[in-house]
Amino acid sequence: MWASIKSFRHKDGDDDDATGPGRNAERNFHKERRSNETHRSTTDLEARLYKKVDGQPAKLCYIGHALTENRHGLVVGRRASLATGAAEREQALALVDSCRGRRCITLGADKAYDVADFVASPRSRSAGPHIAIDGHLSKTGKPRKTSVDRRVTRHAG
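Throughout the sequence shown, residue numbering follows full-length UniProt numbering, covering 1 to 157 in sequence.
Check before you lean on any hint, since a few could be wrong.
[Claimed, not checked] Here are the simulated SDA-like cross-link-like pairs (lysine to any residue), alpha carbons at most 25 Å apart as the crow flies:
1) K139 to A86
2) K52 to A80
3) K52 to T146
4) K111 to D12
5) K59 to S81
6) K51 to H136
7) K111 to A94
8) K51 to A87
9) K59 to R71
10) K51 to R78
11) K52 to A66
12) K59 to R100
13) K52 to Y62
14) K139 to R100
15) K111 to V76
16) K51 to L67
17) K111 to P143
To be clear, the hints were calculated from the coordinates, so they are not data collected in a lab.
Based on the sequences and whatever the hints tell you, model everything.
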């Protein structure tokens, strides 16, 4: 879900540079710094400015999360949350908690979940973590350190 970026206005109301008639006038957003701390949506006060991937534009949105069963791809849990930097990891653990009482599960996750706090958490919830290793290079040119331990990484043989 997302709202129009035109409704994202400065919190102190100092955003009236629209040119043209009407309430939906043309507006130039180029070189304008915006953040969740300084701006707020006028139509949905809880919507947050968020971008999923570097190089993509930020949008006012919430984040939807789904837990799927691996064999058939059926959705077994779903949630929506505010768009924050850690919302995906927090909601993934909450979805795993909602599946308690079932037998041991395997939790697969992409490289965005390769964070020390998240990697340690599934084991305490009877879930085996299978998390992709973030293989990006650091600013110094060395491979980034991973939080995934050797028990769940792919190895020869």
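Against the structure, the hints come out as follows:
Restraint check for K139 and A86: satisfied, since their Cα atoms lie roughly 22 Å apart, inside the 25 Å limit. Pair hint K52 plus A80 holds up; C-alpha atoms about 15 Å apart against a cutoff of 25 Å. As the CA atoms of K52 and T146 are separated by approximately 21 Å, the hinted pair is consistent with the 25 Å bound. A distance of roughly 38 Å separates the Cα atoms of K111 and D12; the hinted pair therefore is violated under the 25 Å criterion.
The straight-line distance between the Cα atoms of K59 and S81 is roughly 15 Å, inside the 25 Å bound, and the hint therefore holds. Pair hint K51 plus H136 holds up; C-alpha atoms about 19 Å apart against a cutoff of 25 Å. The suggested pairing of K111 with A94 holds, with an alpha-carbon distance near 19 Å, which does not exceed 25 Å. For the proposed pair K51 and A87, the alpha carbon gap of about 13 Å is at most 25 Å, so the pair holds.
Pair hint K59 plus R71 does not hold up; C-alpha atoms about 33 Å apart against a cutoff of 25 Å. For the hint linking K51 to R78, the alpha-carbon distance of about 21 Å falls within 25 Å, and the restraint holds. Restraint check for K52 and A66: satisfied, since their Cα atoms lie roughly 16 Å apart, inside the 25 Å limit. Only pairs whose Cα atoms come within 25 Å are accepted, and K59 paired with R100 is rejected, the gap being roughly 34 Å.
Among the hinted pairs, K52 with Y62 is consistent with the structure: their alpha-carbon atoms are about 11 Å apart, no more than 25 Å. Between K139 and R100 the alpha-carbon distance is near 40 Å, which puts this suggested pair outside the 25 Å criterion. Only pairs whose Cα atoms come within 25 Å are accepted, and K111 paired with V76 is accepted, the gap being roughly 22 Å. A distance of roughly 21 Å separates the Cα atoms of K51 and L67; the hinted pair therefore holds under the 25 Å criterion.
The straight-line distance between the Cα atoms of K111 and P143 is roughly 14 Å, inside the 25 Å bound, and the hint therefore holds.
In this structure, the hints that do not hold are numbers 4, 9, 12 and 14, in rising order.
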